[in-house]
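Trainee: Residues per chain, in single letters:
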Amino acid sequence: MDEREIIIRALKAEATAKPNERIYVGFKSLTYKEFVEMLDNHKKLDKMGKEFVESFLKTAVKMFRENQAYRENMMKLAGVKP
Amino acid sequence: MTVALVIRPRFDDATSYSFDWCQEVVDMLKLKGFDVIDLAEKDATRENFEEQVKTSNPQLIVFYNHGSEEGLVAQHGGEYVIDKKNDELLSGREIYTMACSWGADGGIDAWKKGAKAVWCYVQAFAFTTEAIEEFKTFANCGLKFKLEGKSWEESLQHAKEKAKELAQKLVEVGKYIASVLLQKDADALRCYTEKNPPEARCLFRKVAIKLFGAKLGWRITLKQTLGWFMFGVGYGLTWHDLWSEIISPVGNPYRIHGGYIGLIMILISFIILATEQVSQWSR
Chain S
5 MDEREIIIRA
15 LKAEATAKPN
25 ERIYVGFKSL
35 TYKEFVEMLD
45 NHKKLDKMGK
55 EFVESFLKTA
65 VKMFRENQAY
75 RENMMKLAGV
85 KP
Chain A
1497 MTVALVIRPR
1507 FDDATSYSFD
1517 WCQEVVDMLK
1527 LKGFDVIDLA
1537 EKDATRENFE
1547 EQVKTSNPQL
1557 IVFYNHGSEE
1567 GLVAQHGGEY
1577 VIDKKNDELL
1587 SGREIYTMAC
1597 SWGADGGIDA
1607 WKKGAKAVWC
1617 YVQAFAFTTE
1627 AIEEFKTFAN
1637 CGLKFKLEGK
1647 SWEESLQHAK
1657 EKAKELAQKL
1667 VEVGKYIASV
1677 LLQKDADALR
1687 CYTEKNPPEA
1697 RCLFRKVAIK
1707 LFGAKLGWRI
1717 TLKQTLGWFM
1727 FGVGYGLTWH
1737 DLWSEIISPV
1747 GNPYRIHGGY
1757 IGLIMILISF
1767 IILATEQVSQ
1777 WSR
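Sequence lines, in order, name chains S and A. In the working numbering, each number is its position in the first sequence, counted from 1, plus 4. In the working numbering, each number is its position in the second sequence, counted from 1, plus 1496.
The hints are simulated quantities; they were obtained by calculation from the structure and are not laboratory data. All C-beta atoms in this analysis are idealised placements derived from N, C-alpha and C, irrespective of residue type, glycine included. Please note that the accuracy of each hint is not assured.
[Claimed, not checked] The list that follows gives simulated cross-link-like pairs (lysine-lysine, BS3-like), each with its CA atoms no further than 25 Å apart:
#1 A:Lys1632 x A:Lys1609
#2 S:Lys54 x S:Lys66
#3 A:Lys1646 x S:Lys22
#4 A:Lys1665 x S:Lys16
#5 A:Lys1665 x S:Lys62
#6 A:Lys1632 x A:Lys1656
#7 S:Lys16 x A:Lys1660
#8 A:Lys1612 x S:Lys66
#9 S:Lys66 x A:Lys1665
#10 A:Lys1665 x S:Lys37
#11 A:Lys1632 x A:Lys1581
#12 A:Lys1550 x S:Lys62
#13 A:Lys1658 x S:Lys62
#14 A:Lys1660 x S:Lys80
#15 A:Lys1658 x S:Lys66
#16 S:Lys80 x A:Lys1665
#17 A:Lys1608 x A:Lys1660
#18 A:Lys1640 x A:Lys1691
#19 A:Lys1660 x S:Lys22
#20 A:Lys1702 x A:Lys1609
#21 A:Lys1702 x A:Lys1608
#22 S:Lys62 x S:Lys32
#23 S:Lys66 x A:Lys1632
#24 S:Lys66 x A:Lys1660
#25 S:Lys37 x A:Lys1632
#26 A:Lys1702 x A:Lys1526
#27 S:Lys62 x A:Lys1660
#28 S:Lys22 x A:Lys1538
#29 S:Lys32 x A:Lys1538
#30 A:Lys1656 x S:Lys62
#31 A:Lys1528 x A:Lys1612
#32 A:Lys1632 x S:Lys32
#33 A:Lys1646 x A:Lys1658
#34 A:Lys1580 x S:Lys51
#35 A:Lys1608 x A:Lys1632
#36 S:Lys85 x A:Lys1608
[Unchecked claim] Covered by chain A, according to a simulated footprint, are these stretches of chain S (three or more residues, beta-carbon under 8 Å):
#37 8-20
#38 25-33
#39 52-63
#40 74-80
Using the sequences and the accompanying hints, generate a full structural model.
Mentor: What follows is the structure, given as C-alpha cells:
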C-alpha cells in the first residue's frame, strides 16, 4: 500500500467517525464523507475540483513524510502496521 | 488618523464565518487607532469601494469573502468589488485579503499597478467546521503581526510558522483533514511587496524578470516583447542589406532585398508598440 492509499484510507475512517463536520471550499460546502469520496475519484471532477484534490493530497503526502505524529496516526487509522 | 477600509460581504454559510472572523480584524484595527470604514453586507459593493477609496484615501484595505483569480466578490456574488478594471485604485496602498485564488492573477495585477503590499492566496482557501478557531487564528494572524510592528515579509514568515504550529495542534487532537487543509492554505499564502515580488510561471516572464528586474520584468507585455523583437530583427536586416549594397553594389537586381523586409518589420513593430502605449495610457 503506498502513501496515498494509506492517507485516503485513514481519512475515510476519520470522515466516518465525523458525519456532521463540513468543509467549505469557495462557494462549495461538503461533508467529510463527500470530500473523501472525491479523493478516490478526483479524475472525474471538473478542473478546479481536480486541482484542489491534487493539491490536498500533495500536502497530505508531504505531511506524512515530514511529520512523525501525523504519519503514525494515519497508519494507525488506516490499520497499517508501521 | 490612518484610514482602513474593511469590505466584508455576507450572503452564504462560508461568508457568515469569514464575516465573523473579520470582526476581530475590525476590533484590532480600532484598538490600534485606525479610523475604520466598514463596508459590511449590503454596503460591500464595487460602487461603495470605489467611492470610499476616492473620498477617504485609506492606506489599508481589508477584504474577507469569496474570491477568484479575476477578482474579489461583492455582496450576493453578482459582481467583483475589485478586479483588473479598477485595481489601479490600490496603487500606493496595502491590501490584506482572505479570499480564494485572487493571488494567482488579480493580486499580481494589483501589485504590478503599484499596490504596496498584497496579502493573498494563490489557491482556494478551505476550512472545516471542526477547527473554526484555528482557521480564524490563521486567517487573521498576518495582520496581527503587521500591526505589532513587523514588516509584511516578516508577517508572512510568522504566519506560515503559526500555520505549522496550528496544524500540529490539530494533528495532536485527531483532526487530520483540518490539519492538512490548514497547511494547504498556508502553502497558498503569498504577500507581494517590493522586496517579495510574485514568482513567474511563464518562461518568457522569468527571462524578462532576470534581465530587467521584478518591477520592470512584470510590467512588460507580450505585445511589447513582440514589438521590440520585430524592431531588433528589422533593424539588423536593414543594416545588413545596406552594408552588403556598399561592399558589393553589383548584385542580382531581381533578388529580394533584406532591407525592404527590415523596413516593413520596423514599421509593423512601430505600429504594435504605439498601439500598446496608447492602450496603456487609456487604462
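Trainee: Going through the earlier hints one by one, which of them does the structure break, listed in rising order?
Mentor: 1, 3, 8, 11, 12, 17, 26, 28, 35, 36
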